[in-house]
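Trainee: Keeping their order, the protein sequence lines are chains H and V. Residue numbers are given in UniProt numbering: position 263 of the first sequence equals residue 263, and the series is strictly consecutive. Residue numbers are given in UniProt numbering: position 220 of the second sequence equals residue 220, and the series is strictly consecutive.
It is worth saying that the hints were derived from the structure and are not from the lab. All of these numbers come straight from a predicted model, not from anything done at the bench. Hints may contain errors.
Unchecked claim - Partner residues aside, some chain H positions facing chain V, computed with beta carbon under 7 Å: (1) Thr43; (2) Tyr122; (3) Tyr334.
The beta-carbon is built from N, C-alpha and C at its ideal position, and this holds for glycine as well.
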Amino acid sequence: MAARPKFFTTNKRGENYELKAELNSEYRDKRKDGVKKVIANMTVGKDVSGLFPDVLKNMQTDDLELKKLVYLYLMNYAKSQPELVILAVNTFVKDTDDSNPLIRALAIRTMGCLRVEKIIDYLTEPLRKCLKDENPYVRKTAALCVAKLHDLNPALAIDNGFIEIVQEMVSDTNPMVVSNAVIALSEIHEASDTKDIFVINDTTLQKLLHALNECTEWGQIAILSALSEYRPSDVKEAEHICERVLPRLQHANASVVLSAIKVLMIYMRTARDQTFQKNLVRKMAPPLVTLLSSPAPEVQYVALRNINLILQKRPDVLNNEMRVFFCRYNDPPYVKLEKLEILMRLCSEKNVEQLLSELKEYASEVDVDFVKKSVRAIGRCAIKIEGASERCINVLLDLINTGINYVVQEAVVVIKDIFRKYPHQYEGIIPTLCENIEAIDEPEARGSLIWMIGEYAERIGNADELLEHFFDNFREENVQVQLQIITATVKLFLKKPSENQEIVQKVLQTSTSQSDSPDIRDRAYIYWRLLSTDPQAAKAVVLTEKPPIKGEGEELKGRLLDELIENIGTIASVYHKPPETFIGGKKYSADEVNKRPLE
Amino acid sequence: MLNSLFVLNAQGKIIIEKHWRGVIPRQVVDKFNDQVVTFLAKPVYTPYTGRSLEDGSATSAQQRNGDLLVQRFALEDLPPVIDTPHYQFLNVQRGGLIWLSPVESEVEPQMIFEFIHRIIDVVQEYLGDVSEMSIRDNFVIVYQLLEEMMDYGYPLTTETSVLKEVIPPPTVYNKVYSTVSAAAGVGQKLPSGTLSSIPWRKLGIKYANNEIYFDVVEEVDAILEKNGSIISAEAHGTLNVNCRLSGMPDLSMTFINPRVIDDVSFHPCVRYQKYVSDKVLSFVPPDGHFKLMTYRVNLPSGQLIPLQVRPQVTATKNGGKFEVVVTPRPTEGKAIEHLVVTISMGKACTGVNASCSMGDHFYDSTNKTLRWEVGKVDIRGRPPTLSGSFSSSVDALDNPLSITLGFQINMYAVSGLKVDSLKIYHEGYKPYKGVRSLTRAGKFQVRT
Numbered sequence: 001m002a003a004r005p006k007f008f009t010t011n012k013r014g015e016n017y018e019l020k021a022e023l024n025s026e027y028r029d030k031r032k033d034g035v036k037k038v039i040a041n042m043t044v045g046k047d048v049s050g051l052f053p054d055v056l057k058n059m060q061t062d063d064l065e066l067k068k069l070v071y072l073y074l075m076n077y078a079k080s081q082p083e084l085v086i087l088a089v090n091t092f093v094k095d096t097d098d099s100n101p102l103i104r105a106l107a108i109r110t111m112g113c114l115r116v117e118k119i120i121d122y123l124t125e126p127l128r129k130c131l132k133d134e135n136p137y138v139r140k141t142a143a144l145c146v147a148k149l150h151d152l153n154p155a156l157a158i159d160n161g162f163i164e165i166v167q168e169m170v171s172d173t174n175p176m177v178v179s180n181a182v183i184a185l186s187e188i189h190e191a192s193d194t195k196d197i198f199v200i201n202d203t204t205l206q207k208l209l210h211a212l213n214e215c216t217e218w219g220q221i222a223i224l225s226a227l228s229e230y231r232p233s234d235v236k237e238a239e240h241i242c243e244r245v246l247p248r249l250q251h252a253n254a255s256v257v258l259s260a261i262k263v264l265m266i267y268m269r270t271a272r273d274q275t276f277q278k279n280l281v282r283k284m285a286p287p288l289v290t291l292l293s294s295p296a297p298e299v300q301y302v303a304l305r306n307i308n309l310i311l312q313k314r315p316d317v318l319n320n321e322m323r324v325f326f327c328r329y330n331d332p333p334y335v336k337l338e339k340l341e342i343l344m345r346l347c348s349e350k351n352v353e354q355l356l357s358e359l360k361e362y363a364s365e366v367d368v369d370f371v372k373k374s375v376r377a378i379g380r381c382a383i384k385i386e387g388a389s390e391r392c393i394n395v396l397l398d399l400i401n402t403g404i405n406y407v408v409q410e411a412v413v414v415i416k417d418i419f420r421k422y423p424h425q426y427e428g429i430i431p432t433l434c435e436n437i438e439a440i441d442e443p444e445a446r447g448s449l450i451w452m453i454g455e456y457a458e459r460i461g462n463a464d465e466l467l468e469h470f471f472d473n474f475r476e477e478n479v480q481v482q483l484q485i486i487t488a489t490v491k492l493f494l495k496k497p498s499e500n501q502e503i504v505q506k507v508l509q510t511s512t513s514q515s516d517s518p519d520i521r522d523r524a525y526i527y528w529r530l531l532s533t534d535p536q537a538a539k540a541v542v543l544t545e546k547p548p549i550k551g552e553g554e555e556l557k558g559r560l561l562d563e564l565i566e567n568i569g570t571i572a573s574v575y576h577k578p579p580e581t582f583i584g585g586k587k588y589s590a591d592e593v594n595k596r597p598l599e
Numbered sequence: 001m002l003n004s005l006f007v008l009n010a011q012g013k014i015i016i017e018k019h020w021r022g023v024i025p026r027q028v029v030d031k032f033n034d035q036v037v038t039f040l041a042k043p044v045y046t047p048y049t050g051r052s053l054e055d056g057s058a059t060s061a062q063q064r065n066g067d068l069l070v071q072r073f074a075l076e077d078l079p080p081v082i083d084t085p086h087y088q089f090l091n092v093q094r095g096g097l098i099w100l101s102p103v104e105s106e107v108e109p110q111m112i113f114e115f116i117h118r119i120i121d122v123v124q125e126y127l128g129d130v131s132e133m134s135i136r137d138n139f140v141i142v143y144q145l146l147e148e149m150m151d152y153g154y155p156l157t158t159e160t161s162v163l164k165e166v167i168p169p170p171t172v173y174n175k176v177y178s179t180v181s182a183a184a185g186v187g188q189k190l191p192s193g194t195l196s197s198i199p200w201r202k203l204g205i206k207y208a209n210n211e212i213y214f215d216v217v218e219e220v221d222a223i224l225e226k227n228g229s230i231i232s233a234e235a236h237g238t239l240n241v242n243c244r245l246s247g248m249p250d251l252s253m254t255f256i257n258p259r260v261i262d263d264v265s266f267h268p269c270v271r272y273q274k275y276v277s278d279k280v281l282s283f284v285p286p287d288g289h290f291k292l293m294t295y296r297v298n299l300p301s302g303q304l305i306p307l308q309v310r311p312q313v314t315a316t317k318n319g320g321k322f323e324v325v326v327t328p329r330p331t332e333g334k335a336i337e338h339l340v341v342t343i344s345m346g347k348a349c350t351g352v353n354a355s356c357s358m359g360d361h362f363y364d365s366t367n368k369t370l371r372w373e374v375g376k377v378d379i380r381g382r383p384p385t386l387s388g389s390f391s392s393s394v395d396a397l398d399n400p401l402s403i404t405l406g407f408q409i410n411m412y413a414v415s416g417l418k419v420d421s422l423k424i425y426h427e428g429y430k431p432y433k434g435v436r437s438l439t440r441a442g443k444f445q446v447r448t
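Bound-form chain V, shown alone (with noise of 0.2 Å):
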């Protein structure tokens, strides 16, 4: 149960707010203002200097520590629930804007913050970006979309595809479409996916060509030891559909490896009992573009992981060397590509200089980030190298680099998943089908 939501920029100002049961009042930001404040301005860490603050004389002890920077905690480490008298605010990060909600009573926090998750995802959908200006820009439509997706704080409809039949989406056309409508008195039809006994699939859908695409979308997520040993390591793989059938079209779908599957959720359309006796998924599927499957697949042995990074970094004085060299390893034949390697140096690095054998690098020095576009990967050619030298301020074993990898890898699956056939029942024609794999970095770390 959702009370009430505001949306603030990074600077703690009201965008847009929408009470569903009986208005809080704004001061409640205010309150939630001076949280951000205090936590921002509290130390995560400062050096003791306990002993001789009273005589302001400086012991040896403290005039080491000294050069050690006093922490602090930035606004995207606020915790997601914050407790205080009377109020509990439950907030969301995202893209510099923070969704937030104070309640009194006791609620599930994963629901609102599935529920705003949803909500930004589907203002994402309609604006195509969410910032404070696309919001500003379209105050009336974020406004309805707010007030359809809830009622009296419970979710009502949080479907994109039926809410655009209730609220025309800002583009050129809907514009003219709504207005020749409405000039013709023509009332608006009820959303008959609210109400079909198969809730995401309305009657009467017609296309002249069937086709059916099937997109499978896996994600690396993993941590890696300087030496190349894996920490851990996992793909999480999704099945995005883009479906456009005709009629009410039954589809049955087999896997040839369906064991590799560790952890499984499901769209609602798929039969589960059928999916746990046969490993066959059995759906009804909505319209259009939707998900229907995500999945997790652990890859215990390093064989499955497409890359093998090395980095070698020693320390001299006033700073470090460092080497990062990148392996490929057979992909079934498919090119590594958008390899792009992110080197964060460590707050207290002042310079970097480094040189590689392909791609570009850029120094941030904002960020203290150093960037390599290597491009696409060849299995056959020299494995790219990175190499270079950085300075720092404090000792770089106090400093240690940590690297982020990001790549993407056409038409193959890490897991190894492959579909095996696809057929439909209770529809006479014989779609057009289509399947494509694609692999890519999820967060991928690589410890030095």
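Isolated chain H, as found in the complex (with noise of 0.2 Å):
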């Protein structure tokens, strides 16, 4: 214990005793000491609510450091000494008739967050005040006042006629006043039932684009985050807005970008021109991509989920930029996995290419669940890119005969996918597959294998071998495999009857009389009632033609997509989830539904 905490230094026993002491003491240096040892112990949790009219003594200063302290002081404890409070308004409503305007905003500041309903009735008058200092500091500070006088008593925000007075500061002349109105008054807004307190017109929009281009970066967010509620009333205003907007895009906060971004995708469904709307798409692609080079990987994050929902709105927004979104081996992974989802969305013909020998490239890596994504991933390239299926079937066997085992495996999956939407074609490279039957143990690759091995039993010469050979395990093999080797087995009869049928008749044997899974039974009696009532019926069934397979891509389809686009930059877009879905305690689950009624 080299260096302990200054502030922690006196005695258990007479703490308080000691504290009380210096918070009394006749010099103003060893008061302020006091209250800096007071507020220290309430940081780490300690109660010295008692020392509470001690503090108190020391509001009443021209040492601005020191009133802020005290101020620190009462904001924690206000909530539990509510009558000691009142004791400290005078003061308070005397300092909001300071003559330095810092003061008087810092008074009418801390008496919005004492949230004690009994100080309330004293806080109108000196707010109402404050609305109309001649000083903007004092001004912007009320205004958030009202929001939280409305948060704790709407009825008398509303009364006062506060939020008609913070209606008007929207068209201050100060900008930093317009942009703290807007904040509060969206935040009334969205806690309102009629939703009738912000509702942006003609005026106030000139207003909020005029502030826009003057305030701070967070007074840009909340002007940003109010005109993408909006609704332009035709065309050219939609264009006018984005116009304004644009310059936005060049700001160094990341958060600014993502909210203008926001709102130039909502306002390009208005503006219909399409040369407009592919100006605004190519100008938004370089802030785009600025926003990855953050240094910060949660920055790097929230904007890669972004991206990604922007991709599957407007997929021409960053056609030539793929190499931004390449990994490098110490990307956390989260946005190693981030960046291989937007990969598959810019792959093209133009680019697979150089996409395929990436993905190869990242199979070699170390971290077992992105190699095994990106091998995924090289099967959706072929299925999505008709051109390159034979690219990713040749880099597929490159893997294979790498001989890791992870990889191995989930290749053999993959090659089934693309065995599925491409049918006869690549059916020379099973022989290789075969190859690795003994590495494959995990059941999905073994499923795999086994489908393949029937879908193609015709061609197959020792297809009879092979399937014998998993049938040797079959009681100790996955349900879902222990499934593919049925169906493979009737395959092969099907296809090669005269030969085969003892080994048919193996395998339902034993799967309907030995196997504990009732699916595994039924599938077996089905099978075999078929084949012994009508085998045409059986090869109707069995052999049919399987429906296409699309990229297994997520993709989120029209009003949801719609929704996530209006939500850019919040939670929902980062969860691809409406907001409903988590937020107020999941009020949608199935929990909360269940627990309503015994409230």
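Mind assembling these two chains? They're in different frames, but the hints should get you there.
Mentor: Structure (structure tokens):
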């Protein structure tokens, strides 16, 4: 314990007593140190509420720092000691009349944060005065205080006409006041039932657009969020707003950029002109790429999740930017997997060659989960781009030749999908796959291999031997694999009935009589009855044409995608789920619904 | 909108907490810690052993899998947004601390992350270091900062220069200063920055010597293929300014070749329209140190990368051999300095034996990395080479090496961006002007 925190050095027994003495010292410095010690104790969760009256004595001072410290203390204990806070009210009210605007603002800001029912009545008059203060710093602080008041007592905020005053403040000459008024109104609007608190009209729109250029970065975010709720009346207006928002894309704050992109994506729908849209999309690309160059992985992650959404709406945004999504070995796993998803979306005839060599590289990394997803991605390329399927197969075969266990398994699963998509094209590689039969032990990979054997039984000379091999361990296999064995054997029998009577008999016999799983027994019984009553019908059922498969990438559809686009930059856009599914204690979840009648 | 912020140490213990709109009980941190524990315990990949679990008899396939390690996540792999019932956990990890914000309503995570980064930067500037120790030693200052930087969950004052007028940083000088001013009963002035029509600059600044310095710092992010070809390469530039000018100067800066810039973001002081139309940076600068602009430049051809790296790895029995050759490229006659090559040998590495033609090398057996400090490289000399062998508990092919590079080149901008002129209006004096450039490695990776 070389360097003990210096505010905790007092001994245990007389700690509060000593602090008390210090707080009541005749020297200002000593009192200030005392308050600092109290606050240090408070921040680590020690109870120093007993010192309330002694701390309060220090509130009336012209030392701003000391005043702030006392305010900090008050905010923390106001909730538990409301009667005592009343003692402080007079000083607060007096401070809102101070000649120094900083003290006026500080007093009104702190009063709003006390969150004590009893002092609210004392708040209204000072607040009314501060809302009309000559100093913009005080006005902007007061605007936010109205939101605080509304949260505690909506009726009081409405009856005193505060909301109207804040509505007028949107037209203030100072951009910082405008942005805080927007924050306050948006918040009250959200909480109100009527949803008529903050409705943007022509005049306010002009004020907002004007303030957007002038206010702080955080104010810009608030104004952009407000703009994203507004629906422009015509094409011309939409285009005008887009023009005014465009410069925000050049901001250093990633959140401003993302908010601006949200507004552009929403307004683009109204501005129907194709060339205008193209132009916007072109201008959005570089800032989106720049978001990724942030050194902070969390910023990259949110950006990637949103880019994923934007690409589903506007696949052409980042056409020539595939390289920036290439993974580095030391990217965190959540960034890598997101990049992989986006690479899949950007994959096209033109760049598939480069992408494949990149994916092959990833398949040799150390992170197993990422390796498996990369192998899957190769299969998705093949399914997405027909012209590349052969190259994909070759890459997969190269990977199988490395003999790395989990790579081989994943490659087999993926090749099955390629077979589904392009039947009767690549069955020449089945022998190569079968060479690895010993290494394949994961249920999905085993199942895939057996499925391929069954599907192409007529071309594989030793299909019966292979299935026999799998059947040897039948009872120890995973259920999924067992089902595949049954189906594959039946396919084999239907294709080469003469020589395979015995094996099909054996498989069906074992699965109906010795399996614990109803699924296995049922499937075996159905095949058995089909085969014994009408072999032609069995052929029609088992060897039927399969529906084509699509790439496994998630596609968000229509309304949900539009809703998420309107929520760009929010948590919803990170989860790709509408906000009501995770906000408000998940009120739509089954648990909540069940609990409700009990309450 | 940010409700609460908890700063945790790596063990998940609360160091400091701050609530801006009603208190979220501390127990919420336990819920977060539960999530972390579950995340760390969850295997990323376990070899499949399902078939023989019941009877305990191992199959041949399982035995082969036995030597494959069960992989688990590390703390820094934790996703930044975590979905749990009731709370969404937004977290930022920096220097062994977790900055956690549990939220119950819909928010903009990017804004919260940006804000948390801003807090970290401010604390860094105030305390010189952001760690559990430095925060504990300066509880009150950090708490005051948290209070001042946000009001009711919305960012309030986030500029360090303005904050310093309200909350004095913990220096000896300031301690004396604040005691003196407090003793004299001088009420502190209103921070002018919050009120001026140009919020980033206060009125009445005066210097005896007027000077302004520009620092162009470019970081090269690149991925190179083992044969030396470039997979992706970009330079991320920052134009840092140290401005010590009196009054309200209006500056106008031009570049010789602004076309190289692919994307750019500016400090709010820059007049954006002027840049769009004339490619001129026109601005009234803030006082002191600030970041005027950041930009991104694509480096499409290999010509522009200052170094060529060729690694060769061959697998042998129980390990492999490697050789890394670094060839410098012409950089306008400026030397490459502080060259450091770090080779990550893979988790299964059991030992390394290496020798180098220049500099020193060290093997860190806990992190399994080989660090080769080359130093200054002269383009005329023989290219520095590191070679050696390593032993590994798995097949070398299963466990590729990865190489990262660090270097620095003074007075050189890899993008080729050059300042042409700087003019000053509205003020009569002639300031001293200086421009420096520096290129260094960012995320510079070579594959093997």
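Trainee: Against each hint, give a clear statement of whether it holds in the structure.
Mentor: A quick look at each hint next to the structure:
Residue-level restraint check for threonine 43 of chain H holds (minimum Cβ-Cβ distance to chain V is 5 Å; threshold 7 Å). Interface hint status for tyrosine 122 of chain H: violated, as the beta-carbon distance to the closest one in chain V is roughly 19 Å, over 7 Å. With its C-beta approaching chain V no nearer than about 5 Å, tyrosine 334 of chain H sits inside the 7 Å limit, and its interface hint holds.
The structure fails to meet hint 2 from the earlier list, while all remaining hints are met.
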